[in-house]
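Student: Residues per chain, in single letters:
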Amino acid sequence: MKVNSIKIQWFRGSASEVALGASSKSVVVYGPNGSGKSSFIDAVEYIIHKGKLEHLAHEYSGRRQEKGIINTHAPANVQSQLLFDFNDGKNLGASINTNGEYTLFGTNQTAMDGWEYMRTILRQHEVADFITGTKGEKYSALLPLLGLHNLEFIAENFRQLARTVERESKIANNKSKIEEIIERRRVKMGEIDLRGANDKVDALYKKYVPAGTDSNLADKCAKISESLSRQIDGLDALKKLHAILTEISLVSLTEDIKSVRIATSNLVSAADPLIQEKLAILQTAEALNIKLGATPMLNCPACGRELPADEFKSHIDSEKKKLQSIISLFGLHKSAVANLCNDILKVKNNFQKEGLGDWKKKLIKDHMDKIQWLTDLDVEVIRGNCSEENLGLLETNVMPLIDVAKTTMGNQPGDVRQLIEDKEAVQIADEIIEEKNLSDIVTRSQALMNLLQAIEAGARQEIRGKSEKIIGDISADIQKMWEVLHPDKKIENIRLYLPDDADKAVDVRLKFYGIEQDSPRLTLSEGNRNSLGLCIFLAMAKKDERDRPLFLDDVIISLDRGYRGMIADLLIKEFSEKQVFIFTHDREWFVELKQRLDATSWQFKTLMPWEDPSVGIRWSARTMSFDDARKDLDKAPDLAGTTARKLMDIELAPRAEMLKIKLPYLHRERNDHRVAHEFLEKFIADGMECFEIKDGHNYKKHDEAINAFRKADSLILAWANRATHTFDAEKNEADQLIKACENALEFFDCTSCKKSVGRLEDAKSKLKQCQCGNLRWRYGKA
Amino acid sequence: MTKENWLEKIIKEFKEQNPDLGEDEINSVSKLVFSVDMQDKELRQAELTQHAQSLLKNFLDNDKTDIKIKHES
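As they're listed, the protein sequences go chains L and S. Quick note on the working numbering: the first sequence kicks off at 621 and runs consecutively. Quick note on the working numbering: the second sequence kicks off at 15 and runs consecutively.
A few of these clues could be false.
As a list, the in silico SDA-like pairs of lysine to any residue whose alpha-carbon atoms are at most 20 Å apart [as the list claims (entries may be wrong)]: (1) S/Lys45 / L/Arg1080; (2) S/Lys55 / L/Arg783; (3) S/Lys55 / L/Phe773.
Computed footprint of chain L on chain S, listed as stretches where at least three residues anywhere in the stretch have a Cβ under 8 Å from a Cβ of chain L [claimed, not checked]: (4) 34-45; (5) 59-65.
Label pairs and their computed distance ranges (CB to CB) [as the list claims (entries may be wrong)]: (6) S/Glu56 / L/Leu724: 21 to 27 Å; (7) L/Asp853 / S/Ser42: 45 to 51 Å; (8) S/Ser49 / L/Asp1189: 48 to 54 Å.
By construction, these hints were calculated from the structure, which means they are not laboratory data. Note that CB positions come from ideal geometry on N, CA and C, so glycine has one too.
With the sequences and hints as input, model every part of the structure.
Tutor: Here it is as structure tokens:
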């Protein structure tokens, strides 16, 4: 799809509607600084970025950038508008309200949906952005070209899915529960595995369910528990009291508290420096991105060591491992606290049982405050935050109660104690089953996560494989374009590549005078970096097979002057099929492009200098930019005269080259800095013999042109030089000078076919002529 | 290597590493890879949660878990 025209009104620099007509051709627009060139580029970006302009993303532009997007002098009753007409007869427009909200309209409102900014628009300040961007930004810029969106979606969706599965399966929570069970078992029974638990359960099963036929561990445990409960319920009052006291006395509170203290101590000693370290990371993280962009070396915010950016990733991985060990210590601490709380609950519940009867009443006399403290205790508070103060209070208030229970039980019958011990043993065996269940859930959840992660890695590997081929093609184009722009620079093997140590990353390497360089930023000058940035942009644009235009906004200003001329070669060689919009404020380059680019596929337009917001953007009726000179006629006629003379220097040089005008060699740089008078003098001398215009079926000398050259030459000698050197030109003199110069230049173009007299050359190089043959420059007569 | 080939390679390796997991569970994941849903856009959290719950249901089927424990005990 090509653009026929871009119309804007009260948008950015424009006032009432102004149209950049292209008729599907490529266009070069010249305009002095501030004439409104970028307003047309802004219109393209406005649609691409859905109502936003990146360069207006600041605090003064308003919530929807309305203060910058809309012409500040727009009348109250008009809307700012953009309208793109395309070569398929359809159009796309946007109406912008004063609050910045916009509405799309037109017959194809999705026409520009696939126009990614980074491959459509290149502005002066963005030329080197690709080179200075991060590897991730480079990858993002390339991704649409790779055509691997579906695989990228698979990779990203599976990455997120693995995280969601981790959360939904409560893997961390289940792991923590398993640790709690293991810790509780360790405290009660020491190290015991599934086989040991099986043996223990088998022995109890034979004892309490002698006629049982169960083979399953869980069923056996259930039957043993039932039998034990029946036996305990059948005990007389005294033995019931003994059973309760036994249960209290078996609580190993001392061991529980010791475990919590050890876990707390381990956690504190590991976590304190970590917290300090993480704080430091937070403080420096903001500056980190900037450092990564500017230099390949950076200081680790955690330890301060200077290290290459590429090593930073592995450094961070080791930091993450440290964090993993802290998480594990947190888990152990949580388990120890959970066991302590469960045991306190057991003591508390037993102390509230009616079976304690008179024993409790007797105890209240000496330990009333402790029993009351235990009754009021909210165990969940300790579970949430178990401080050293809590532990001290438990030791003061609960430990004595357990000691009393132990003392009381000192001489009591062993059969009751055995019942309670067996009850605890079967509970622990039961927990082993729960642990096994949880372990299985964790294993299966982990397996699912591993599969999801493997699929993500597989998709990324596939992306890498396919990307390498496409990136190789783009790299070859970058190198080719570089060679066109810089045939003399020994920079070889310029290539994009996918770093081995990172996904979603692309970088640039090259060989500089035979030595491999990790980045163009290491060796290339700013001008050369900009050249390379332009090559990369153009190579990526060329790779995009969709037919859509490119917009280059003053990009050559950052290129070395010596290489600007080569851009015309690049455009002719590589972009004859693409529609390209070039905006420039470099008059010399504009003239050069006008001479070199084929007028059948290129248009050349000139903007008038911008005056005020109510006048807005205006096209000049001419393409020779003498309006630049005219704007100074009133206030500085000497400056207007000087500008006209400079324009003639610039405009005549390519015409002389085109018509092969021979000038005597001058020493050194003087040879490259000819002035208008030198060219005109020669055009007059040669033209009297060579310049002809059709007259019926024959040709006659083009006397009118020669007279125009003479007049321009004489005024330049008389007034332009005076304007330049003595600054005393009058307005009417400068005005006549400008008109004479414009008039002289117009004689080089045919009034019928509008093409230059130097457009076509015959096979024997005996003459040059315009497209229709109305004008010709015949050699051999000079 | 086609899209199917890279996935097949991953599934084959996964099966070898997890012999106790059945075809149903693995198929539930591999089918998801080439669903339009997965290839067309970045999924929102609600959609991810739905997929995650569905996959977990397949992977953590209670009956299968019990059978395994009974067998081991």
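Student: Against each hint, give a clear statement of whether it holds in the structure.
Tutor: So, going through the hints one by one against the coordinates:
For the suggested pair lysine 45 of chain S and arginine 1080 of chain L, the alpha carbons sit about 18 Å apart, so the restraint of at most 20 Å is met. A C-alpha spacing of about 18 Å is found between lysine 55 of chain S and arginine 783 of chain L, which places the hinted pair at or below 20 Å, so the restraint holds. Between the alpha carbons of lysine 55 of chain S and phenylalanine 773 of chain L the distance comes to roughly 6 Å, so the proposed pair stays at or under 20 Å and holds. Residues of the stretch 34-45 of chain S lying with their CB closer than 8 Å to a CB of chain L number 4, which satisfies the three-residue condition for coverage.
Coverage of the stretch 59-65 of chain S by chain L holds [criterion: at least 3 residues with CB-CB distance below 8 Å; count 4]. Range check, glutamate 56 of chain S to leucine 724 of chain L: Cβ separation about 24 Å, and the 21 to 27 Å hint holds. The hinted window of 45 to 51 Å between aspartate 853 of chain L and serine 42 of chain S holds, with their beta carbons roughly 49 Å apart. Checked against the hint of 48 to 54 Å, the pair serine 49 of chain S and aspartate 1189 of chain L passes, with Cβ atoms roughly 49 Å apart.
Taken one by one, the earlier hints all hold for this structure without exception.
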